[in-house]
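Colleague: So the chains spell out like this:
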Amino acid sequence: MKKSSHRVHRSKKIRHSPPGTAPGAIVIPSDALELKIKSFSYNQNEYFEKEISGVAEIRSQLDTYPLNFHWFDIKGFGDKNFLEQLADCFNIHRLQMEDVVNVYQRPKAEEFKGHLFFVSRMVSEKQGVLINDQLSIFLGSNYVITIQDKYDDILEPVRERIRHGKGNMRKSGSDYLAYSLMDMAIDNFYPILERTGDRLDELQDELLTNPTRESLNRVLETKRDLILLRRTIWSERDKMNDILRSSFTEIADTTKVYFRDSYDHCIQLLDLIESYKEVTASLMDVYHSSVSFKLNQVMKVLTIISTIFIPLTFIVGLYGMNFSRVDPETGKFFPLNMPELYSPHGYIIVCGVMLLIVIGQIIFFYKKGWLTKG
Amino acid sequence: MKKSSHRVHRSKKIRHSPPGTAPGAIVIPSDALELKIKSFSYNQNEYFEKEISGVAEIRSQLDTYPLNFHWFDIKGFGDKNFLEQLADCFNIHRLQMEDVVNVYQRPKAEEFKGHLFFVSRMVSEKQGVLINDQLSIFLGSNYVITIQDKYDDILEPVRERIRHGKGNMRKSGSDYLAYSLMDMAIDNFYPILERTGDRLDELQDELLTNPTRESLNRVLETKRDLILLRRTIWSERDKMNDILRSSFTEIADTTKVYFRDSYDHCIQLLDLIESYKEVTASLMDVYHSSVSFKLNQVMKVLTIISTIFIPLTFIVGLYGMNFSRVDPETGKFFPLNMPELYSPHGYIIVCGVMLLIVIGQIIFFYKKGWLTKG
Amino acid sequence: MKKSSHRVHRSKKIRHSPPGTAPGAIVIPSDALELKIKSFSYNQNEYFEKEISGVAEIRSQLDTYPLNFHWFDIKGFGDKNFLEQLADCFNIHRLQMEDVVNVYQRPKAEEFKGHLFFVSRMVSEKQGVLINDQLSIFLGSNYVITIQDKYDDILEPVRERIRHGKGNMRKSGSDYLAYSLMDMAIDNFYPILERTGDRLDELQDELLTNPTRESLNRVLETKRDLILLRRTIWSERDKMNDILRSSFTEIADTTKVYFRDSYDHCIQLLDLIESYKEVTASLMDVYHSSVSFKLNQVMKVLTIISTIFIPLTFIVGLYGMNFSRVDPETGKFFPLNMPELYSPHGYIIVCGVMLLIVIGQIIFFYKKGWLTKG
Amino acid sequence: MKKSSHRVHRSKKIRHSPPGTAPGAIVIPSDALELKIKSFSYNQNEYFEKEISGVAEIRSQLDTYPLNFHWFDIKGFGDKNFLEQLADCFNIHRLQMEDVVNVYQRPKAEEFKGHLFFVSRMVSEKQGVLINDQLSIFLGSNYVITIQDKYDDILEPVRERIRHGKGNMRKSGSDYLAYSLMDMAIDNFYPILERTGDRLDELQDELLTNPTRESLNRVLETKRDLILLRRTIWSERDKMNDILRSSFTEIADTTKVYFRDSYDHCIQLLDLIESYKEVTASLMDVYHSSVSFKLNQVMKVLTIISTIFIPLTFIVGLYGMNFSRVDPETGKFFPLNMPELYSPHGYIIVCGVMLLIVIGQIIFFYKKGWLTKG
Amino acid sequence: MKKSSHRVHRSKKIRHSPPGTAPGAIVIPSDALELKIKSFSYNQNEYFEKEISGVAEIRSQLDTYPLNFHWFDIKGFGDKNFLEQLADCFNIHRLQMEDVVNVYQRPKAEEFKGHLFFVSRMVSEKQGVLINDQLSIFLGSNYVITIQDKYDDILEPVRERIRHGKGNMRKSGSDYLAYSLMDMAIDNFYPILERTGDRLDELQDELLTNPTRESLNRVLETKRDLILLRRTIWSERDKMNDILRSSFTEIADTTKVYFRDSYDHCIQLLDLIESYKEVTASLMDVYHSSVSFKLNQVMKVLTIISTIFIPLTFIVGLYGMNFSRVDPETGKFFPLNMPELYSPHGYIIVCGVMLLIVIGQIIFFYKKGWLTKG
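Protein chains in written order, with the numbering used here: chain Y, 1 to 374; chain D, 1 to 374; chain U, 1 to 374; chain H, 1 to 374; chain G, 1 to 374.
If you are wondering where the hints come from, they were derived from the structure by calculation, not from laboratory data.
Careful, some of the hints might be misleading.
Which copy? The list can't say, so a pair holds if one copy fits it or any two copies do.
[Unchecked claim] Cut-off 25 Å, straight-line C-alpha distance, at most; resulting in silico cross-link-like pairs (SDA-like, lysine to any residue):
1) 108 to 95
2) 256 to 270
3) 367 to 91
4) 50 to 167
5) 171 to 94
6) 332 to 322
7) 75 to 201
8) 277 to 210
9) 166 to 25
10) 368 to 307
11) 171 to 89
12) 367 to 206
13) 75 to 132
14) 75 to 20
15) 166 to 51
16) 108 to 237
17) 38 to 20
18) 113 to 168
19) 75 to 47
20) 36 to 124
Predicted model, so just to flag it, every value in this text is computed and none were measured.
Could you build all of it, start to finish, from the sequences and the hints given here?
Modeller: Rendered as structure tokens:
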């Protein structure tokens, strides 16, 4: 129960500037983490990586290595000044920077004065609860800036690919880096859905053998997770579609082939989610039919036992009546008052009659099919 | 109960001229409030605000400060003449003025002879009941006219931004003012939805611990509120889309970026509402499964107690029968009539048999899983 | 019950020529009313109105007053010849005339050789039953012809506006007259929906206090009415949309603004119907939860009374057994046969035990929450 | 029951060449009827009709009367050679001929080398079962070829119109003939739907008075019929739409007006089907609420009778206990053992108490509203 | 039960490279089968077929017979080198080769540098379980390459058609071969659906006579199979549509006619699946109404037996009371204590009264309609 009531509170997750705030105002949340910037700089042959601390250093690095590709990997919203300087430096619109800070944006792709702005959702699972973080990406001619509000993320494999020059990473431009980051976010849905599939299999086993409301609640939770995932991936799909249909000059045609692949992955994920949603729906059916099956069983046992014993109880009550054989005052004999009681085999005959009633009823129930299972 | 029956009457809210009225006729409702006009006039450097009383003053102010931006903030429909003069003065079509007065229009954007006409919905919550007011906006080259039928509204923060020159307000044109007013209306949905989310969390806790019909009714009410909100925001989204796709010359391209942001907010709100609707659907499931769970519990207790005692009651009835051991007339001994009653340990044996039956049944129920919870 | 079974028969309302009839054949229904023609002729300054009797008179009136606008208001299909002559005179296609006579056409707008052909639905309510009549309109350069199969209709306010020169009617052309007629039909949905809203409010009160199947049937009927209305208005909306997007030369741009208004009214009506449909859906929920709530109450009372008395009945049966304290033959004393019966306080102790059982059970039920309401 | 299980087998109706067959192979079903060809030849003035036997005769007739319009009305697939010769003679693609023979094609319209190929569905009802036959139509410049697999069809009225020169038939070209055939197929849905409407009215009466599963099954069957009809008419509508939007040179513009009419009929039929589907849905609701209403009634009777008698039975059991008034051994008097039994009015008092209990319970039930109907 | 829990695990079927893998990396599954290549080479006159072992042989065959059409039929993913060489040799993009190996791609059609890439799903049924294999097809100017991961497939009839020169196969180009392979995959859905139809007929019979949860589970399984099939065929349909609308130069117009036919087959299959889905939905209804019907029957029997015997049991209990006729101490006579017991015909009268009660109740139940079936 704890767990379930805990999960529910996720429904209030949107962070939004209070109504009345001027549009484009950057409102730093009170629990923002301290700023941390890492820069990656590479070309086909060389690579370096360092921690930097401000917009000035970013600018100088870009000027010093104009032919390299650069990734500025920014974490934490603690420094409002830095974000404003960054916006000024890279021509980022105030509304875009507001989107960066209000971390419940839907995935999207926008073009604005010399750069592209992407929002991706990084969904991971911690102790059975879905964590849905935002990754904001700015893609310029030879740089990528990513901004997120938490320190740990799922992008480490991309950093490793830069470090070790694996795959096409160092050979390709900054558009390929942006693609790799967004593709990483999409790839991460696969293990989450796999675990969801496992959980549904477990739940099905549970519901078939022992349908409890606890299991039902877990099915409902899984369904809600799936709805959340579907909505997120649906937007990712739209974003990929926008990129494919757009004429963004920042993205080369050779890279678009890769975005097409990500698009296909989104479709495949949506397919999988649809089939899982169908499974949850049929699990609900299984639960309800299990429960009503159990109720029917209970009713049947009650009915059989009641209907067998009710007539018997009547008969034994009948012969427990005290109708008097003689008038106590006059001593007159009443031969019609319960003569059965005074027959030498009365008891045995009555027991036999009751046995016949029981047998008759059992045959009746058997024919009705009430004694078989199901 | 009071509260719930109270809320229901909101379903009849549409105000519409009676059928047969000529199109474009302005029918002032009988409970219309008295007219109140406030004018705001500003440019980048200065600002003044005053109460005015008629179309003549509006016209003279526009002529006196041709380079300022003006906002005529009109409240109350009490003066039909004024509305007609206003329509004549600003080339407002009779049908538009009819829409202003019949305050249940959907959000929309229309162009007509030198001005744009917008309808926004200002939704607020008073004592748990949603209030859905109309804000009619006319946007000309250097003026904005807003008309509403109530005195208190949610636009105070925009007035404050004009007064204190916060944000872009005074630097930007009247299109930005119109945007700010409509954005204010949309922003106001966030706290309402937040409260809805809180209410759903409470309801979930209630339904899990103690499912009452009262809670169910509140879930249904919340669902209806969500449906109403969704429809309203859906139309706001359409309006924003119309503005973005249109070629209204009254709206500068730099302002359109802001409308794009409002459009995104609408999408985000719709997203949130969808997820809340899913929550209400699953709360209904929780309620129904709680109720049928309770019924099952009740049935099980009845069955267990009945089936345990029914055979016992039969047995004790059996030995309450009065079969006679002797023929009262002849004194003949009937050895087959209930010999158990005349055995020295008969009572104890019967008690023992009944105990065995009880134990047997408990074991049977335990194996059937009827003694465990759930 | 009468009323409900009566309403159902409306489901067979379509009138269609029998299959095999040649396309375009005009089949006059056997119960057609006698032909009645009224003509209205007006311009900005003058107006006259008279009853006429045939196509010849129509033609002569058009020739005599070529600068007037004319409305030929035809009621009743009793004269097939007349309809054929009319078709010949105004270039009406045979299929259009077939549509006029088969009065279950969907609202639509068609252009054909020099005139426009509109179908409108005039929905009214008589004693709680929806009446759905067809109004066929032909709009030419300076004339409007309307044809309907009943004498009484909802168009009287339009006739009054012509007679008294109210509104724009006499100043505007025949397109405005056609608009006014169709707008009248749409406006008439408002009071019908208002009554529907009132009925739903009543039903909600009924269902909350005393859920009967009769009320449920009325909810279902209301739902069907709403579905019918929605379909009709949906087609009206499509028709308005066709008119707005078309380039019909018969309709001036200034009149199109009015059609735009009608279009908005259709949208608003559809909105309202959607919200009423939601209300009916939640009323069904209310009904079902009320009924199952009542069943639960009944079950609980049964369970509580049964489980309280079943053990008591067993105990009193137990001490009604006739185990003999002495062997009737030998007189041997059986001290183990029901010694309780021979204890001086046996009765009181047994009564006390039963009281304890009752108290114990009441406490148990109270803790289970079965004694509280809901 | 027979009937219902009989109807189900219709779900396997598709005839398809076994997988692995080369595309375009004509597989004649084993139960194909013998070939029968009738030819109709007509122009505005004359008409003749004869039975013919092969492609050669078809060709010669076309050559002999080049200015006439010809209809070759082919029934039965018994002669594979004939079909192949026909395909060669009229440039019919092998895949089209495959469609002709595999008689479960959806309605469609295709153009191919000098002719149009239409598929229509002729739906009729025989003893309550829907028969869904295929009519394949080839339309050339001056000929129409129709092919079907059964001898009896619904096209007789069209043949009569040719024979007696009724309507436009003989004046118009072969496109009008093709239209007439397809229109005939669509017109034939009206009486079927009318019968469906009658059946739904009957079922509603049945379900309100006496809800049986048999009626429910018939509702479900009707629903399935409606689904089948809807799918068929939906495709017919698509076909009509394709014809209207296409630029098929074989169809004159004057004929297109008629196709537009058929299109409207399809829409109207779909409308009607939707409303019938709504009716079936609400009939299901009626059934379920009737059944649960009946169960509630049964439960209430059980509860009332049980709860009235259970306490009484306890009381009479109580005074059936055998607590002894004297110690049989010592003769000691036990004044506390059931003194009620030895009071002179004990019996009457107990009977009175029981009467009071009954009255009290009846009042309680009456107040709870359990004694009223509904 | 075994079988059902076995089938469930199919829900986890997607094979996907682990997140973090570089895009386009070919990850061979650990249980990949050994590589097997068969080549078919043919033209209108001649044909040969041989096993080959590597890319070099493929290349040499293409060079040796430049005017033949070639089909390289590759099975098993055991040799990663081979796949990479193949990709290099035929300009296959890395992402395409990744799709080949990750065998859960949706059907699709893509163009890339001189060849088309198709994915088809080959669905077959083994022991009641659906097997869903992937067939990857590369179509070049004069060659077709197919790759699959299993040895046995459903393509044997196509191989036979090549071997025996049946149909158009040898006369037509490689595009027709690619079509034949994809058409084979689609044709194979027919027998599967036919079996599904048979199974649904069986299930309906079962559910009407004896509704068990086992049958319900099989209905749910069938529904899930149908959902899976629908999704697969839906994608096949999209693929066919893409091919038809595209301007792929590799596919001749004469072949497109055949693809159009496949497209129609997809539509027809989807139609069939929709109707089967409706059947499963109504089977669920049948199940639930059967179950609740059974429960009602059980309840009715319980009620009838209980209500008949409860009053009787009360009466016999009544006359089992021991109210004393005399005061044991004083010997005083109590004439009011149960005088019925001392009436000469008391017993017979009581039996008669009980008989009347039984008859009265039976009449009551009969009138209520509880003794009739249904």
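Colleague: Please go over all the hints and tell whether each is borne out by the structure.
Modeller: A quick look at each hint next to the structure:
no.	hint	result
1	108 to 95	both (14 Å within a copy, 24 Å between copies)
2	256 to 270	within (21 Å within a copy, 30 Å between copies)
3	367 to 91	neither (84 Å within a copy, 67 Å between copies)
4	50 to 167	within (22 Å within a copy, 37 Å between copies)
5	171 to 94	between (33 Å within a copy, 16 Å between copies)
6	332 to 322	both (16 Å within a copy, 20 Å between copies)
7	75 to 201	neither (38 Å within a copy, 32 Å between copies)
8	277 to 210	within (22 Å within a copy, 29 Å between copies)
9	166 to 25	between (41 Å within a copy, 11 Å between copies)
10	368 to 307	both (14 Å within a copy, 21 Å between copies)
11	171 to 89	between (27 Å within a copy, 22 Å between copies)
12	367 to 206	between (33 Å within a copy, 17 Å between copies)
13	75 to 132	within (16 Å within a copy, 41 Å between copies)
14	75 to 20	between (28 Å within a copy, 21 Å between copies)
15	166 to 51	within (22 Å within a copy, 37 Å between copies)
16	108 to 237	both (9 Å within a copy, 17 Å between copies)
17	38 to 20	between (35 Å within a copy, 20 Å between copies)
18	113 to 168	between (28 Å within a copy, 20 Å between copies)
19	75 to 47	within (21 Å within a copy, 42 Å between copies)
20	36 to 124	within (22 Å within a copy, 41 Å between copies)
Comparing the model with each earlier hint shows violations of hints 3 and 7; every other hint is respected.
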